[in-house]
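Line by line, the protein sequences are chains E and S. Note that this note's numbering has the first sequence beginning at 19, numbered continuously upward. Note that this note's numbering has the second sequence beginning at 244, numbered continuously upward.
If you're looking for bench data, these hints aren't it; they were derived computationally from the structure. Be a bit skeptical, because a hint or two may be false.
Computed footprint of chain S on chain E; a stretch qualifies when at least three of its residues, placed anywhere within it, have a C-beta under 8 Å from a C-beta of chain S [said to hold, decoys possible]:
no. : region
1   : 25-37
2   : 316-323
To give an idea of the interface, some chain S residues facing chain E are shown, with a C-beta separation under 8 Å as derived from the structure [claimed, not checked]:
no. : residue
3   : L299
4   : R326
5   : V342
6   : G389
7   : Y436
Think of the CB as a built atom: it goes at the ideal place given N, C-alpha and C, for glycine as much as any other residue.
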Amino acid sequence: MLLSLAWKNIWRNKKRSLIIIAAITFGLWGGIFSSAIMVGMMESMVETAISRDLSHIQIHKKDYDKDKDVRNFIPDGINVLDNIRSVKGIRAASGRTKIIGMAASPSSSYGVEIIGIVPEDSKQVTDIYAKLIEGSYFKSDRKNPILIGRKLAERLNLKLRSKVVLSFQNLEGGIAYIACRVVGIFKTNSSQFDEMNVYVAQGDMFRILESDPIIHEIAIRSESVETIDLVRDNLLILFSNLQVESWKDMAPELAYLSQTTGIYMYIFVGIILFALLFGITNTMLMSVVDRIRELGVLIAIGMKKSKVFIMIVLESVLLSLTGGFCGIGVGVLTIAYYGNNGIDLTAISGSLESFGATTILYPFLPAMMYIILTIMIVIAANIAALLPAWKATHLVPSEAIRTY
Amino acid sequence: MALIEITNLDRIYNTSAVPVHAVRDVTCNIEKQEFMAVVGPSGSGKTTLLNIIGGLDKPTSGKVVIDGIDLSTMPQSKLVDYRLGHIGFVFQAYNLIPVFTARENVEFIMLLQGVNKKERENRAIDLLKQVGLSERINSRPAQLSGGEQQRVAVARALASRPAFVLADEPTANLDTESAESLLDLMEELNDKYVMTFIFSTHDARVMRRARRIVSLQDGKIVEDKVVTPEKKQ
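Here chain E stands alone, though its shape is the one from the complex (with noise of 0.2 Å):
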């Protein structure tokens, strides 16, 4: 009754609470939709980083990231690869042959990461072959294909069919040429990798470094993102001299971005709620305010303070609770709605494949955050309701009875 009586009063003056209801609404709607762009833009940067280049797991040679030499590539190599694809919880390898080099055209030059790889395995693990805006994934019959960036056609002046000569230092510490032929020219959303990294088919490679084959990375895509780590784990103890490192290890700023973005959207989130926790108190005391008379027969005819306390903030909470699930409500139709259309952000695409993000976003919010987007709302209402309380309870009956 006591409930009831709360959800009653909340609707004695309509037009009041209905304002500050739209307010909590808007402000919520707001907070929600501009979380979900976060993260949104967040998981597309992470998942854009995976499907580019990172993989989910990358086994190298222990300190190859210090010293990325030609020579420093994984001892027995093809081996590990066959042996890594037939450990569990493992959907792909693709081996990769990394050499840093030189590209040059008729026009100009520049430095390079010539990437060898089996196209067929690599498709497994990595999207470039999704990413092709011209020719084709290594479908010709010329001799040493090569897939360039955009960026590095442009720079290079690069045309499909366009001869480009590749030269890196070879095993003995020489320098090694090879004349390739551009069969496809992709373009992702970072525009650094476009202009830094060539693929080309690692049989060619082999041959111009007239070696064995070698195998510098091995990139892992695991059957689920959940079991990742345990996937590295497991992987750690099997090749313990090896180094063995999940996409957070490789890209920490990617996986601290992805971690603090749900640390900023509560704390944006939570601005907001701390904003309308006035206007919520300033509806709850002109509440209390408008009704001095009833409460004070009310607690004349013998209702505890504490009741009286209980009955405001239950109002708070109703109020609150309304316009917060009124808010969540439109969020996640207009999260549901631009999650499945996204949100087209070509015109400014330029900044953002600086940092590689999509040009277009699909806004999205774990389900956890609307659990304790709840939970928020529920405490900035107790807070809102202290004071107009804190009022109520102090009233002297017999003079609050008079009150006119």
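Fit chain S to the supplied structure of chain E, relying on the hints for placement.
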């Protein structure tokens, strides 16, 4: 032993520069089933006296003993419980909860007492029938006339099964017909349930029906007489 024993009661308000002596040395006993009116001009101390008897205000000195319990020394937290269990209030402006129906208004005080739902409903409906509102049980205060609202207030006052009812100017906002009808009801309850009614009033209609009239002036009792009520017109 009298139901209410008031001894040397004083109430001085020190809120302004000059202390206001609202009640001066009031002593009187009120027996069970009295139908008593406290009368006097505005500012004579009627409401203050009723507030002290009802545990809404504390005396500066003197004491009020109800059924052997001294209210003047009782802490506020216990006074609330005491009011809930022992005293029924009827106010001049009815003061019903506007968002509740007549039944819910009557039920609410029983909810505060912890009476179970079924009994609350039964008692509320029964009381509303007794005050002649069986057809308006589910009406909200705004849908009721002043007289009907005051009847709901009487039903609410009786719902807690109090020792006595304090009615502060209960007929002041009512037309003659409604006032007479309300007084009929109160008389009936007074006879039927041995219920004590104490009114503060300066309404001649109430004074005519009272069986005891205590007159106050400047906070003092100037007259305390048992009267024969006039017959209903």
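Which hint numbers does the structure go against, in order from smallest to largest? Structure breaks hints 6 and 7.
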